[in-house]
Amino acid sequence: FLPNRWIDVDRLNSSLFRCEHLPEEKLVGIGQEKILRLYVRRPPLYQFVYETRIPNNGFITDFACGTKGDQLAYATSNAYGIEAYFAISYTMDDQYFVIGRAGGHISIVGVDEPTHYSFEAHENDIKAICCSKANPSLFYSGCADGFCKMWDYRAPNNCIPLSTSCRNDYSITHIDSDSYDRYIVTTSGGVKFDIWDVRRFSENISFNMQRNQRINLLDEIPLFNKVFDIITGGIVREFRKDCREVYDCSWHPNQNEIVTVSVSSLIECKNKEWLGLAFRNKLSDHFHK
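Count along the sequence shown from 1, then add 32; that gives the number in the working numbering.
Worth flagging that the hints you see were computed from the coordinates, not collected in a lab.
Fair warning: this is a prediction, and the values are worked out from it, not measured in the lab.
Positions of the beta carbon are idealized from the N, C-alpha and C atoms, including for glycine.
Keep in mind that the hints are not guaranteed to be accurate.
[What the hints assert, rightly or not] Simulated DEER-style distance windows between Cβ atoms: (1) 65 to 261: 35 to 41 angstroms; (2) 149 to 83: 30 to 36 angstroms; (3) 87 to 285: 27 to 33 angstroms; (4) 201 to 75: 30 to 36 angstroms; (5) 115 to 145: 19 to 25 angstroms; (6) 64 to 100: 43 to 49 angstroms; (7) 211 to 186: 17 to 23 angstroms; (8) 150 to 75: 42 to 48 angstroms; (9) 144 to 166: 39 to 45 angstroms; (10) 77 to 196: 42 to 48 angstroms; (11) 261 to 115: 37 to 43 angstroms; (12) 83 to 195: 37 to 43 angstroms.
Could you put the whole structure together from the sequences, leaning on the hints where they help?
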């Protein structure tokens, strides 16, 4: 069951670059104005709940949600004179978050305990981090030099990767994994994405996208949302309404629904069944914690 309808959820005055579904039917989005906005899904409504400003003086490069949905963490570039952090991800058990840093370093930081460990993982800036959804000890890193590596922080010498992909010609900017540690998907430099079999990490199934067929990338041409079949590589659904540059999307974990955000400050919902979806920008005590 794939989405086949769309509706505008919200329009803002600043660009948006990330969105993510949370437990209890919540949705969080973040934009260039460094404001987190929380929405609650109440079919057939998406309702704005509240917003909060993030206190920092750097550019936000990434943000991550804990698996329970009660914690948010974000990475910044050169905030307070500190070196740039480009990527962040919670481990599956929410005990640690893993940070991709400038110069090829990775930091593993305890959430509840004051623990911190760093090591050199790549030769260049780390632009993508993804923690396993099946094993709290495994995570993946992607670098500007085009390499993707798999790590286990329990290893006695955890500065040596468990496995390393073959070299990519473009910087890896995003990584996502399935729920069984069988496959990961890497997005590379706004040009293509690759599907990797983790069991044969040196081999890959590559989808080289033509210029007018790219997915969720920034460009001056109109871009579309596309859903691909990872087995055949074929396009199974395409949304041509988006004449804006789509920056991020989040697929609802339990519903046939995709939410996207764009640099033209629009939040959209694609859903197969909601034909009369409306948005109400009202603050209600009923939706407060």
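**Item:** Structure versus earlier hints, numbers of those that do not hold, lowest first
**Value:** Checked against the structure, the hints that fail are numbers 4, 6, 9, while the rest are satisfied.
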